[in-house]
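S.K.: The primary structure of each chain is shown beneath.
There are 4 protein chains.
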Amino acid sequence: MIQVGIVGGTGYTGVELLRLLVAHPEVSVSVITSRSEDGLRVDELYPNLRGHLDLAFTKPDVKRLSECDLVFFATPHGVAMEMAPELVAASVKVVDLSADFRLQDTEQFKQWYGMEHTCPDLLTEAAYGLPELNRAAITGSSVVAVPGCYPTAVQLGFAPLLENGLVDTARLIADAKSGVSGAGRQGKIDNLLCETSESMKAYAVPGHRHLPEISQGLQRISADSVGLTFVPHLTPMIRGIHATLYSTLCSTLTGQSTQSLQELFEQRYADEYFVDVMPAGSHPQTRSVKGSNQCRISVHQPQGQDVIVVLSVIDNLVKGAAGQAVQNMNILCGLEENCGLSQVALMP
Amino acid sequence: MIQVGIVGGTGYTGVELLRLLVAHPEVSVSVITSRSEDGLRVDELYPNLRGHLDLAFTKPDVKRLSECDLVFFATPHGVAMEMAPELVAASVKVVDLSADFRLQDTEQFKQWYGMEHTCPDLLTEAAYGLPELNRAAITGSSVVAVPGCYPTAVQLGFAPLLENGLVDTARLIADAKSGVSGAGRQGKIDNLLCETSESMKAYAVPGHRHLPEISQGLQRISADSVGLTFVPHLTPMIRGIHATLYSTLCSTLTGQSTQSLQELFEQRYADEYFVDVMPAGSHPQTRSVKGSNQCRISVHQPQGQDVIVVLSVIDNLVKGAAGQAVQNMNILCGLEENCGLSQVALMP
Amino acid sequence: MIQVGIVGGTGYTGVELLRLLVAHPEVSVSVITSRSEDGLRVDELYPNLRGHLDLAFTKPDVKRLSECDLVFFATPHGVAMEMAPELVAASVKVVDLSADFRLQDTEQFKQWYGMEHTCPDLLTEAAYGLPELNRAAITGSSVVAVPGCYPTAVQLGFAPLLENGLVDTARLIADAKSGVSGAGRQGKIDNLLCETSESMKAYAVPGHRHLPEISQGLQRISADSVGLTFVPHLTPMIRGIHATLYSTLCSTLTGQSTQSLQELFEQRYADEYFVDVMPAGSHPQTRSVKGSNQCRISVHQPQGQDVIVVLSVIDNLVKGAAGQAVQNMNILCGLEENCGLSQVALMP
Amino acid sequence: MIQVGIVGGTGYTGVELLRLLVAHPEVSVSVITSRSEDGLRVDELYPNLRGHLDLAFTKPDVKRLSECDLVFFATPHGVAMEMAPELVAASVKVVDLSADFRLQDTEQFKQWYGMEHTCPDLLTEAAYGLPELNRAAITGSSVVAVPGCYPTAVQLGFAPLLENGLVDTARLIADAKSGVSGAGRQGKIDNLLCETSESMKAYAVPGHRHLPEISQGLQRISADSVGLTFVPHLTPMIRGIHATLYSTLCSTLTGQSTQSLQELFEQRYADEYFVDVMPAGSHPQTRSVKGSNQCRISVHQPQGQDVIVVLSVIDNLVKGAAGQAVQNMNILCGLEENCGLSQVALMP
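Protein chains in written order, with the numbering used here: chain A, 1 to 348; chain B, 1 to 348; chain C, 1 to 348; chain D, 1 to 348.
Among these hints, one or two may not hold up.
Any copy will do: because identical chains look the same in the list, a pair fits if it lies in one copy or spans two.
Stated by the list, open to error - Derived lysine to aspartate or glutamate pairs resembling DMTMM-like cross-links, with alpha carbons at most 20 Å apart:
no., residue 1, residue 2
1, LYS188, GLU44
2, LYS110, GLU336
3, LYS63, ASP105
4, LYS110, GLU266
5, LYS63, GLU132
6, LYS63, GLU125
7, LYS110, ASP43
8, LYS110, ASP271
9, LYS59, GLU82
10, LYS63, GLU272
11, LYS110, GLU26
12, LYS63, ASP38
13, LYS110, ASP224
14, LYS110, ASP121
15, LYS188, GLU37
16, LYS59, GLU116
17, LYS110, ASP69
18, LYS59, GLU266
Calculated from the structure, these hints are not laboratory results.
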């Protein structure tokens, strides 16, 4: 059994990691840390785990974590980069769900996260953990940066178009809608049921931290320069991201048939267990992936015009966080990539 | 008191009309029709009206309706165009909340609604009832077509840009999110709580009936040819539309300051009681208009680039239907336009 | 115009008071205080008030408040009893939405609210502001304690039975379900959408602060000693209380017909504008009172047995707080009791 | 592998059965029937099953079903009793999720379900499938009646009290709150999101079909005659039942300590995998069992008085339907009772 540790397990990605890991056939969770909840049994905070996990939170302790084979960070930004170097030095694999190792440009990191990066050397070694686009780099890596939730949905949706140079990359639009769990488990007025239920809003239109991450990822797979407008929205539901992606066919491709786009997407993801290209004409619902590690995608060409619309849905806590972290763990540990990750979505 | 009738009062726009009309100081509802609910007291179907309305549904009867000063149609498409000519002949004003008089092109009507238009002559006289864009035509008209919910939010958001020729009209994108009440009060599985709650989806991406209506409206105010991609989404809430509108500044205007856009929007709607341009940097929430006839708008220019993002929110049942119908009635009847329409949104 | 002030206007009862007062024909809000938001325009915090209220929060200042005719307290417990004596001395009417003047027994107050009562003399003069049960005492009073939300729904439901000595008062059960807005607008994890949506729970079963208040009120109208079991529940909705009340017919009354119970309730509330006894066999929905000051009640006698079930619904923010406060204001100021309070519930 | 068939798989219990069965290590679903959806792939109706189930709906065919080892009925009432006899004759085990085999009294069945029972002989052999109360009878049975959702939550909560004769059984009260999925997947106006969201109501107070089933079950474990008042409520959530149970300690037991009640419950369910007695003072949330087959229970004695309050929560689609059906299948087939049923609840 692989011994894993979790740093910062009190948030929603933490409990979701635990939900997946306690059912994972090859893993044993041996330590979970929280400064604020030191000593509390995990199943007192999360009663859904009663009978599944006999563990209490402890204070973060690098020595104890170093005895693990792999450590997940489900912490606020800035924590993983402090502790990762020592763990890596002790040959512990690190899978970081925070943003610390996502942006390769440390200036950008500073600009968007308001802090200096403290281990730029390790950063250059870190792999961006979106397996469907970057699997080779993940294998054998010591540090994996699990992508943000929006970046996962957006990059998987745009990839087939950009990899094949089909669309004008200077005018990409990603209109994304997220459930409230993306905002985390903190006592903020903005995230109260009474503030978010029965309402819809855009937020961070001037600039969201996932913008540079998405741009970085799309640029990697695009021959041309990427210009992206990204507008996230808060939606009155707990889980789910729905990304609606707009791009314009390159002028030389006008007349490209929708059928060929459908085939392109199907072929691109034919071997990917976690990306499901829906039948032509489909409208994927976020509930069809609730609790599962799937990304479901459909591609449309409305009215046969040259604007391509891609719909991409994930569960932000699974494929957008904890599930993708486990998928990366599976790769790092040489397991089947879908080991412990074949949950059927909860519907209704 | 103005005597009004309502044809087809059992749906959500019907009960919303009643909520507004029973509190309107200049109106008396004298007849409300429903074939299916003939004889039933209205407040048995809608107990929120207990104590406010002493009326029962009756079968539609043109003679009885002809005694009204004004008749609202809150019916499925195809009903108003059958009854309107006779009412107009009897000097009754008609305010139609269905689509029968929205599209001036009868071929388009046939294409999108699957039926021939039966009174094309009256159609040419009908005014499109979006007062902020078309007030002069409404005044003195005998038939008003109340705009669809999406068209209201989208046109009010794009108008200042198109009227001033600021953006590339060939590549307009309207990503719109609606509450479930927009789907009406019919026993369809798709609209059950268990099918729509805790989920988000796009629908009708290949083509939605509001697409030609929006295009027609935008074309009227644009010097250049309009190309629109319109993607509606179903959102797990009862009321509200959030339209997120994307357009690109004309190349000659690159460098246009956000400040000037803010001023442009503020000036355009300075005299409009029902359109509220929010302060720069705002993100309007649909709940801020819940139950009110307001449209709240903000304009953004993310990262100072040339893509303009307009956020426009309404309550689909009020400014997107019943409230706008009453606003049109006020105009037709020579009342103050906001008479009976100054409800404060219910928040939280 | 009556000049009113509001102390502590940033919470949900505060904004709801404002929604009602800006539309009230006889009132002008001249001051609204908040220590934390001093200087902020009210409509920046609550954009639904844009265009309706030109006022900013100011620090609480008894002198300025003393210039009002009436002051509402929408504050946490303990504030009103500090400021009320000075205001009353200045002939200002006080309508307190907190618990400070609800419990006549200062020992009970200390036990349940954890603080000494600081003006027991004024407390004895205070009227309990449930007009349907205590109208005479409110008229002419200088301080009114607006009842809690649960106590309003429960007392109105039980009153006809207890006033007539029909049921065994030693075994009353009130199973009450509340929307989340009852928990207020504070940044607590427990009230996040992700903690409360898609879930139901009881809370405070060992003892809730509204228990002594309800018991006090029921005891006043009962000849026999009252024993009450009160279990509140948190329900995934914003507004609404549904109280399901169980009592057993006195053994001498077994065989009492349901019909006579229906008549009893109808007669009891025949002259009450804000209490609506629904037709026999009805199941009132909380949405039928959303945004309105109504209490809707139905009475059942399942299977003709001797257990009486009363269903009583209110909007916790209106009849359970702000609306009832305005109703009390109307009484204190000699206005029609329903002046400014005839809103139709928002449905759907 | 055990070959199972499902009759009537288009509803919510059907898809939930499939979610559990495709992940069950000892089962293969070989046939699923639906008259209305004959020929449709199951994963077209339920995209959450894409990649998990390669099967289409077929017309019900007893011969084909007879080749199964076990057949589940997830049908409306009246179907199972028509087909079960032939299947049983063919040595196929039957697990019926409908009401056909729940009530042993055929007169009661006729009264509450409006139809004659067509196989009273088989009915007498059928076991009531609440394993925690009736395990011995289930083992070796050929037909199992899976209990209703409310009856499961209510009986498990009351059982320790009634089995030990602790409370007055003549005055039991079950106030139960259910998510909307309990109403099934049918196109009824009453179950639309716009009718059920943001609202709470009781329903069927004069009499609900689960009343006789609960009474029958409680009577079996009680020495004294059972009198039950049962009030179900509709709650704005998809899944979950919260039963709040009230009973009065027998007068001879007044003074019974809460501690001893806690121990009584813990001991009663110490060996039950699917019943979790929470720590003293707990308030179980329905979300803590969402998607899992658990029932979580807590017991309270408010104010130390003689009214006992038991809180019992389940997921109505799992322990209240499909999960319990699989639990019964496991018993019938000699598997571990929790085989394939150890899902952790989805939280948040």
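S.K.: Under a CA distance limit of 20 Å, which applies to LYS110 and ASP271: within one copy, between copies, both, or neither?
M.R.: Neither: 37 Å inside a chain and 44 Å across chains, both beyond 20 Å.
S.K.: Cα distance capped at 20 Å. Does LYS59 pair with GLU266 within a copy, between copies, both, or neither?
M.R.: Neither, since 47 Å and 32 Å both go past 20 Å.
S.K.: From the Cα coordinates, with 20 Å as the cut-off, is the pair LYS63 and GLU132 best called within, between, both, or neither?
M.R.: neither (34 Å within a copy, 46 Å between copies)
S.K.: Checking LYS63 and GLU125: alpha-carbon separation at most 20 Å within a copy, between copies, both or neither?
M.R.: neither (23 Å within a copy, 62 Å between copies)
S.K.: If the cutoff is 20 Å on CA atoms, where do LYS59 and GLU82 land: within, between, both or neither? Let me know, please.
M.R.: So LYS59 and GLU82 pass the 20 Å test inside one copy only (15 Å; across, 44 Å).
S.K.: For the identical chains here, do LYS110 and GLU266 meet the 20 Å Cα criterion within one copy, between copies, both, or neither?
M.R.: neither (38 Å within a copy, 36 Å between copies)
S.K.: Using 20 Å as the alpha-carbon threshold, which applies to LYS188 and GLU44: within, between, both, or neither?
M.R.: between (22 Å within a copy, 18 Å between copies)
S.K.: Are the CA atoms of LYS63 and GLU272 at most 20 Å apart within a copy, between copies, both, or neither?
M.R.: Classified as neither: same-chain Cα gap 37 Å, cross-chain 39 Å, threshold 20 Å.
S.K.: Treating 20 Å as the Cα threshold, decide for LYS59 and GLU116: within, between, both or neither.
M.R.: neither (25 Å within a copy, 40 Å between copies)
S.K.: Is it within, between, both or neither when you check LYS110 against ASP224 at 20 Å Cα-Cα?
M.R.: Neither: 26 Å inside a copy, 43 Å across copies.
S.K.: At most 20 Å between C-alpha atoms: does LYS110 with ASP43 qualify within a copy, between copies, both, or neither?
M.R.: Neither. Shortest intra-copy (37 Å) and inter-copy (35 Å) distances fail the 20 Å Cα cut-off.
S.K.: Evaluate LYS63 and ASP38 at a C-alpha cut-off of 20 Å and name the case that applies: within, between, both or neither.
M.R.: Cα proximity of LYS63 and ASP38: one copy only (17 Å, versus 49 Å across).
Violated hints, in rising order: 2, 3, 4, 5, 6, 7, 8, 10, 11, 13, 16, 17, 18; the structure is consistent with all others.
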